[in-house]
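> Here is what each chain is made of, one letter per residue.
Protein chains: 2
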Amino acid sequence: MLQMKEAKNGIITDEMKQVAQKEGIDPEKIMKGIARGRIVITKNINKDIPALGIGEGLRIKINSNIGTSEDLVNLDLEIGKARVSEKYGADTLMDLSTGGDLENIRRVIIENITIPLGTVPIYQAAVESVKNNKAIVEMSPDKMFDVIERHAKSGVDFMTIHCGVTKSIVNHLKEHPRLISMVSRGGTFLAAWMLHNNRENPYFDNYDQLLELAKEYDFTISLGDGMRPGTIMDATDWAQIEELLTISDLVKKAREANVQVMVEGPGHVPIHQIEANIRLQKTVCDGAPFYVLGPLVTDVAPGYDHIVGAIGGALAGLAGADYLCYVTPSEHLGLPSTIEDVKEGVIASKIAAHAADIGRRGREEMNWDRNMSIARVNLDWETQFKLAMDPEKASTYYHRNKTMSGKSDSEPACTMCGKFCAIKILNKELGLKRKPKYEF
Amino acid sequence: MLQMKEAKNGIITDEMKQVAQKEGIDPEKIMKGIARGRIVITKNINKDIPALGIGEGLRIKINSNIGTSEDLVNLDLEIGKARVSEKYGADTLMDLSTGGDLENIRRVIIENITIPLGTVPIYQAAVESVKNNKAIVEMSPDKMFDVIERHAKSGVDFMTIHCGVTKSIVNHLKEHPRLISMVSRGGTFLAAWMLHNNRENPYFDNYDQLLELAKEYDFTISLGDGMRPGTIMDATDWAQIEELLTISDLVKKAREANVQVMVEGPGHVPIHQIEANIRLQKTVCDGAPFYVLGPLVTDVAPGYDHIVGAIGGALAGLAGADYLCYVTPSEHLGLPSTIEDVKEGVIASKIAAHAADIGRRGREEMNWDRNMSIARVNLDWETQFKLAMDPEKASTYYHRNKTMSGKSDSEPACTMCGKFCAIKILNKELGLKRKPKYEF
Chain A
1 MLQMKEAKNG IITDEMKQVA QKEGIDPEKI MKGIARGRIV ITKNINKDIP
51 ALGIGEGLRI KINSNIGTSE DLVNLDLEIG KARVSEKYGA DTLMDLSTGG
101 DLENIRRVII ENITIPLGTV PIYQAAVESV KNNKAIVEMS PDKMFDVIER
151 HAKSGVDFMT IHCGVTKSIV NHLKEHPRLI SMVSRGGTFL AAWMLHNNRE
201 NPYFDNYDQL LELAKEYDFT ISLGDGMRPG TIMDATDWAQ IEELLTISDL
251 VKKAREANVQ VMVEGPGHVP IHQIEANIRL QKTVCDGAPF YVLGPLVTDV
301 APGYDHIVGA IGGALAGLAG ADYLCYVTPS EHLGLPSTIE DVKEGVIASK
351 IAAHAADIGR RGREEMNWDR NMSIARVNLD WETQFKLAMD PEKASTYYHR
401 NKTMSGKSDS EPACTMCGKF CAIKILNKEL GLKRKPKYEF
Chain B
1001 MLQMKEAKNG IITDEMKQVA QKEGIDPEKI MKGIARGRIV ITKNINKDIP
1051 ALGIGEGLRI KINSNIGTSE DLVNLDLEIG KARVSEKYGA DTLMDLSTGG
1101 DLENIRRVII ENITIPLGTV PIYQAAVESV KNNKAIVEMS PDKMFDVIER
1151 HAKSGVDFMT IHCGVTKSIV NHLKEHPRLI SMVSRGGTFL AAWMLHNNRE
1201 NPYFDNYDQL LELAKEYDFT ISLGDGMRPG TIMDATDWAQ IEELLTISDL
1251 VKKAREANVQ VMVEGPGHVP IHQIEANIRL QKTVCDGAPF YVLGPLVTDV
1301 APGYDHIVGA IGGALAGLAG ADYLCYVTPS EHLGLPSTIE DVKEGVIASK
1351 IAAHAADIGR RGREEMNWDR NMSIARVNLD WETQFKLAMD PEKASTYYHR
1401 NKTMSGKSDS EPACTMCGKF CAIKILNKEL GLKRKPKYEF
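As you go down the protein sequences, you meet chains A and B in turn. Just so you know, we're using this note's numbering here: the first sequence kicks off at 1 and counts up by one. Just so you know, we're using this note's numbering here: the second sequence kicks off at 1001 and counts up by one.
By construction, these hints were calculated from the structure, which means they are not laboratory data. Among these hints, one or two may not hold up.
To be verified - Here are the computed lysine-lysine pairs in the DSS-like style, where the Cα-Cα straight-line distance is at most 25 angstroms: (1) A/Lys428 - B/Lys1424; (2) B/Lys1402 - A/Lys174; (3) B/Lys1424 - A/Lys134; (4) A/Lys131 - B/Lys1402; (5) B/Lys1424 - A/Lys419; (6) A/Lys143 - A/Lys29.
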């Protein structure tokens, strides 16, 4: 049973019903969105997890990337990253491991989460090639497809595959170099492979074979952006847009085959180009779900790229992006080596998604904010902590500030204003007895 | 000598020249901007600090708020906050102290910075009233003006004064309560005073007296937004806009008197209302510099409000705001009680300002980003750290990640990809020998 095929036949599956309920939307709408390829449900046919919808009319989703590298393999750390991601609201997780026993790491991560898992199978193909004492550029096309099948069998729900990195785009780079030609790891493996072997990208050349595999497991293909800009200087250029156009053709083919696809997007993009990027993708790819990586609106703040990405993500979401990949404070400085890095990335991304959802859906998305504000006007701190995106941090900061000032918790105002608390004073003078009700 | 009076007479002062040079703009343009009231130079006539321009056509500026509260008085901490603010790029500082010896705290802070200092004098009037065993609502109008004169004498460069909080707006609140009626401390003191005494706001009623004081010292008046929304539920409502309209009249009067003014703006504003807020202010206040507080695009992330504010600030900047007030992670949870809080707030705000400057000015603002990207493609880590907005954090994270993985620093790639580094692979395969030049 393929979600898209069922939808085209007018059948509302259990997964569609689950998505409809979670989003507060008519199941019929979900079905039609899937039939048109504007909504995807990222769920492997063999998986028993709650269904998650991504796309038109739905709330913006966020993804957390975890995984080992050759330099840092610590399974407990990865389990911790996976759990903290789900706890703080990541909608999906991607395992980008390139070090250690990749099959086992993936299996353990899947056991520890109830959200969809994505991967980039070309990483494993490259790693296994190197393990067999071959260069990355010596990977065989069979190996490239073989890893995809293994990922699908193990229950991966969506896979980033860089089908749009074609030989002609890579050759163009030689004549028209960018400031940073490529930063996509998977895209680079394929580009290097094509240059070395003087052959076309196997995922592009044998796209039908890929679609057959996807149909077998109903995993969603996330069409990777191998040409995503790695600096704002390279944003929205020939290479990026040519790849997007190539991808737009692949979107059509996938839909014809009842394969669910998303499109991946930049990357480093200056703030004034974000909206145009989203609108362009939505137009040429006929409303396919758009999964953006950041975007990062400046290159100069390593250590704070979760904030840089939150700015870009909020704007992208407001303009119509459906799915935001988080960025951690470690971006551009190494693999996130602490659980705290991952947590900060997830929360920054969640803030961006929620802010943009409010912008897209208006008052119906503000109930959470409304309840928090009621707790504020009531100086009801426990409810404020409970409602905070990060209850622990909110409570810790509040009490830390109190402790620094030697104040007891019985004083209802915080240390910012103390007895000069605006809310206390005005509640008294205006005689505002009216306490608005929470709506949980 | 008043900057605005000189400008109207076609005279380019030394301060205007300094601003022109810093911004890379024709001094004539600065002069004309000041003459029209669209640019201000926040500099007390008795002060010897580098001139800073805020307004139309200039780079976006950011402000850091520091200061004691009744609950937390630690002068060394405040000096530390002041210094870290300037170090990480705050363009101005506001001393919002309400605890301890306010005159001394202000003097010491001024001694420790070379950037303009702003204050909210009504705080001191209220504190002194309470110290004299009187209620805040028993402050005398003379006291309200007296503190302004003392601040001006001591070298304060700009002052937030809530002239637009009128009796009629406050009375309207009684009939039409908001979810959180008021959150501006200074505005609340005045509102409570008006309700208690059944009198008009002295700063509104005796605005001419205020203008006379401002002329004597050429301090800039920042027309405070006492009605700024304290929750996104209250944003862009009657009270907020009515105050803005009142302020727009006061802008005109100030300009006629050759007094430099800025206008303060919200506050908590959902993302889709930010642009309208900026455009409205720019229109009704005839292009007066707009100083926004955040804006905060959601209410639910205490502990992360520096990120929430960076999203709002970047959007506001892109839409035309001139000056962003930072927000720290402690916002809504108490006074920032560590220097780290202040640093995080400054950097988040700086990211927002730089991202928006790029959006407004395009390539000419991207040189910093360009150099960083060149350092990246060259895997030149020392230059990356040097160029980072926070060199210490960038270096710490990089080396922490290396240490966690047991890798030596001699390996040029970071721990994210190790030998699978996209840049290394593609530099090799594409044979990109071309190393672009830094332009410092």
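> Are the Cα positions of A/Lys428 and B/Lys1424 separated by 25 angstroms at most?
Given pair A/Lys428, B/Lys1424 is violated - Cα atoms ~65 angstroms apart, limit 25 angstroms.
> Given the hint that A/Lys143 pairs with A/Lys29, does the C-alpha gap stay at or below 25 angstroms?
Answer violated: A/Lys143 to A/Lys29 is near 39 angstroms, above 25 angstroms.
> Does the alpha-carbon distance linking B/Lys1424 and A/Lys419 stay inside the 25 angstroms limit?
violated, 59 angstroms
> For the pair we were handed, B/Lys1402 and A/Lys174, check the Cα-Cα distance against 25 angstroms.
violated, 33 angstroms
> Does A/Lys134 lie within 25 angstroms of B/Lys1424 when you go C-alpha to C-alpha?
This hinted pair holds, its Cα atoms lying about 17 angstroms apart.
> Can you confirm whether the C-alpha distance between A/Lys131 and B/Lys1402 stays at or below 25 angstroms?
holds, 22 angstroms
Violated hints, in rising order: 1, 2, 5, 6; the structure is consistent with all others.
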